Amino acid sequence: MIASSFEYFAPTSVDEALSLLSEHGDDAKILAGGHSLIPAMKLRLAEPAVLIDIQRVEGLKGISESDGKLVIGALATHHELESSDLVNRTLPILAQTAGEIGDVQVRNKGTIGGSLSHADPAADWPATILALDADLKIVGSGGERVVKATDFFEELYTTALEADEILTEIHVSIPDGNTTGTYLKLHQVASGFALTGVAAVLSKSGDVCENIAVGITGVSDVPYRASEVESALAGRALTADNIAAAAEKAADGVDILEDIHASEAYRSNLAKVYTRRAIEGAAS
Amino acid sequence: MQIKSDHTVSANRERVWEHLTDAELLSQCIPGCEELKATGGGTYEATIKVGVAGIKGTYKGTVRLENMQPPSAYRLMVEGKSTIGFLKGACDFRLEEAKPDETKVGLNGELAVGGKLARVGQRIIGSAAKMTIGQFFKQINKLAATDTDS
Amino acid sequence: MATMAGPSRLIGAPIKRREDPRLVQGLSHYVDDIKLVNMHHCTFLRSDYAHADIKSIDTEAAENLSGVVKVITGVDIQGKVGSIPCAAEIEGLKVPDHPALAVDRVRFVGEPIAAVVATDPYVARDALDLIEVEYDELPTVVDLDDAIESDSTVIYDEFGDNIAFTMPLDAGDVDAAFAEADHVVSQRFVNQRLIPNSIEPRGVLAEYLPGEGTLTVWSSTQVPHHLKTILSLLLDLPEQLVRVIAPEVGGGFGSKLNVYPEEAVVAYLATELRKPVKWIEKRSEGFTTTIHGRDQVDYVDMAVKNDGTITALRAKLLANMGAYHQLLTPIIPVLTYLMMPGAYKISNIKLELIGVFTNKMATDAYRGAGRPEATHIIERMVDLAAQKLGMDPKEIRFKNFPQPDEFPLEMATGVTYDSGNYQMSFNKALDTVDYANLRTRQAELRSQGRYLGIGVATYAEICGMGPSVGVAGGGWESSTVRIERTGKVTVLTGVSPHGQGQETSFAQIVADEYGISIDDIVVIHGDTGRQPQGIGTFGSRATAVGGAALIIATQQVKEKMAQIAAHMLEANVDDLVFEDGNIFVQGSPDSAVTFADVAATAHVAVNLPPDVEPGLEATHFFEPSNFTYPFGAHISIVEVDPETGEIDLQRYVAVDDCGNIINPLLVDGQVHGGIAQGLGQAMYEGAVYDENGQLLTGSFMDYAIPKATQVPRFETEHTTTPSPVNPLGVKGVGEAGTIASSPCLVNAVVDALSPFGVTDIDMPMTPNRVWQAIQDAQ
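As given, the protein sequences belong to chains D, C and S, one line each in that order.
Just so we're aligned: the first sequence equals residues 1 to 284 in the numbering used here.
Just so we're aligned: the second sequence equals residues 1 to 150 in the numbering used here.
Just so we're aligned: the third sequence equals residues 1 to 778 in the numbering used here.
Here chain D stands alone, though its shape is the one from the complex (with noise of 0.2 Å):
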């Protein structure tokens, strides 16, 4: 486990990153948590000429409140979004999915930007921040834009960020009291990943469900909104039945993934499943 040699720089500001990728292009990689990057390294089957370490970017921290917005730093840790008294009382199902993610050593050094940035197809995150509907604040020579969540993952490990920009922060808003949501998910034994992962946020009236969301993960290549889910419950009531109707078309019009792990039936089955389930957590 041995890397190939690279250059490795620690820049302490996001304008100093910038023109570090700028200057090495395709030969620089971004460097946060490393729990992705440090073992491909290590197998070199990532062999990046150029390794950019933004750990030290003091503007890429910090969880904070600003305009009825949850405001998260790209390199805030799973853990602390697990542990913020802030994120447990203002959305929990942010620290509920952090406490999902792999095992306490890669929650105390992986963070969110990371995850997002490198877009695993059974990552954590991108389910609830698709199901939050969050924007995503991208940085890069060009200036500073937003994209929504449901615009960031384009296909396999591929995002709307461009070469030469970075993530900074995500913004969630915060929602009111009617509003709840639940992360389920069934890990992949060996790598802790998600075989299936299932946010579904949700407001009701009554019995009725105003607004539904719910974001997948696992199940295919890119994470996504399961909208015909989403529009067949949204403004009905959340009885047992309307819930296991909506949530048998969790996996339709999906191409889904298929490994050693769980066959293409299995994870159909798992996504229909674990959204029911995610659904009435959600609801009750």
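Bear in mind the hints are in silico, worked out from the structure with no lab data behind them.
What you are looking at is a predicted structure, and each value in this text was computed from that prediction instead of being measured.
C-beta: ideal position from N, C-alpha, C; glycine also.
Heads up, a few of these hints could be off.
[To be verified] Computed from the model, here is a short list of chain C residues facing chain D with C-beta under 7 Å:
#1 50
#2 52
#3 55
#4 84
#5 122
#6 123
#7 127
The hints should help you fit chains C and S onto chain D, whose structure is shown.
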């Protein structure tokens, strides 16, 4: 691993055939193709940089076109290796005219990978292959469709 | 023994491991912690192909890399490094030539092809990417059933087929028993391939001193003495000048009970370059090139009577050897064969064991080694028979147990079980879980649509590996006890531990015998230069064979000490007591000589009784009269989620009888670890190869070993049935947990799913498999 997919290219069948079998055009369409050199008999020496995320490998190997039945069918044989493993594939391409100026291309084949690539990449190889083929046809579509009148 | 020992204070006491403080503080020394002046680093280029001819190897670019000292290939060491040996002796066994570096053909992914030596480990690694190998791919043999078909590709042309050996058994009258059976149950079992993954990977460091002609090899091995002998043969060096040191060894589970190509090549390079050379296995190398475990496909039929009596067993066992034999590869399934009847009296047994070559890494001993396979077969078959008869799994087991007074009991497979009381351990387990109530609760939950499963496994296994007639390379053990001039005691043992805790348990044995503090005893192991004789730690033999050698050597020295003390006290030898560091006449502790005084007297040698030689040291070689046969009963309780196939393991109770217990903490630790590994096989682990012989589970991202959060709290209990085959009455407990737990868990899950009509499920019982089994049954 089985490769099976259908693609639509907005160009007539002869034109699509040309783009799928001409070395110069192919090299523009194969994602990450750094070099494609004809060595005769439908065989090409290729250097291709393939990968997703940071996991990229430069594969050197051969691309061979067989069973040429212009403009409707051929078989593509690919063999390549890099420091992280090797890949070997055989794929039948079938071209059908769907509409005037629209061609359906059906792929049916097998891909085998070996070495470290297989040992640590089983989860994503199928998806990565699918993505690469998707990108290939996107590029074919772009070139074949935009150049129609040239 | 003439003298009396003081009251036993330490044997049976839960003494904390004396090894642990240095381990948990990171103060110990594994191979990679040892650094020699001018040490060079070695890496291996390995095959990416499962079966291919090597057309050419171009090492020039690697050789030209700055810092590279040497690159060698198989051709370079032909005639200089002997073939990797197999110690198995089986009639008709085909033993392929196993060069340390492949010469013109590779036969599994990971087979070493070339070795690089460089001045630093980074350069040695970089150089590997510069070696160009051209291959001609050959068809691969990966599936056991296919490999023995007549139209299969043959891996060794000279053998004509892929069958390494066939071992038949026909005991009693099997055909008649099947003809007269009320019921016959049949099942195919896949005992999947496992990857051992000890926490410390393998590693070798070798230093050759040309002046003295000595070769010293530090290796992470379970068998330093075997390694010493074999290296001297492979490199044609005088055995007296080869020293092997197994420093701290971070686990092995059988995978280091071997001699590997890397050990031979690194030792060769050290002699050739006259420089110390080190190789440390990378985890990713370990997945492909350290031996694997299990890998059998078994076809089994059982004949039963309506009352539950098992009358016959018939089986075809296909055992995957892999591409080459490692040290004991073919022996492992022979243990399956011998233990097929498990804990039951079955007098009619017909077996055909077939060892099969495939293009995969060699299998060999992995915790349990052959017995988990046998136990899986018999415990699943017994449950299948009970299910067919509508009998409780408990009843059918009691029906077929031998009675305690029938031991020693000769089994139809030719082995003789030493001692046993299977009813006692099973009853204890049943009582612990309140079995009758459990079944009531299960029925209640079922009526609510919940699927509780109760799994039972009552096992008997074979361990305490010895006598020599049954163990390739020798089944004896050697121990030396030396009392130093200061009265401190040095124990030298041939059973080199890799986590078992002999430094604690062996000191307990000696401390009690001598009536001295455990702190005055040091247990030395793992160095052929200090303890010249030994076999090693494997097959749950350390205490049963090594401990037995130790107690006898201890007593021999004690007898001499008593003679000297009697002379000093002017007393009768027979009246002496050893207690609290003193030796005195029974009843007169006030006029004692100290243990240290007697030691000094023996060494100063001016006041010795007539005919007594100076010094206090004895070495004993112990040859056991038989193997030992531990047994016990495990019960697990699971609840299965039928919608997702997830298994919730709620409770695990183990009652093990390993004979007398020296240290209950060590015993429970072994049982915990053993169950965790059996649970790993039952629920998580499996080496998956594709149809081209590529390993798809080559990292911990895809190969799941159980983590601390994934095992339940184990409840361990014991019964004690001493073994008559050694003076300590111990049996061994290193593997029992692994042997019993996988069938116990499969029985639980099948029991849970029986309302769906599920009768068997392959391991590992992943959620996908469990869910699929329910779908298939419906």
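Do the hints match the structure? See the list:
1. Here the hint on residue 50 of chain C is broken, as its CB sits about 12 Å from the closest CB of chain D, past 7 Å.
2. Given the 7 Å rule on beta carbons, the hint for residue 52 of chain C holds: about 4 Å separates it from the nearest Cβ of chain D.
3. For residue 55 of chain C, the suggested interface contact is upheld, since its CB lies about 4 Å from the closest CB of chain D, less than 7 Å.
4. Restraint check, residue 84 of chain C versus chain D: the minimum CB separation of about 6 Å is within 7 Å; hint holds.
5. Hint status for residue 122 of chain C: holds, given a least beta-carbon distance of 6 Å to chain D, under 7 Å.
6. This hint holds: residue 123 of chain C has a C-beta 5 Å from the nearest C-beta of chain D, less than the 7 Å allowed.
7. Hint status for residue 127 of chain C: holds, given a least beta-carbon distance of 5 Å to chain D, under 7 Å.
Hint 1 alone, counting from the list given before, is not met by this structure.
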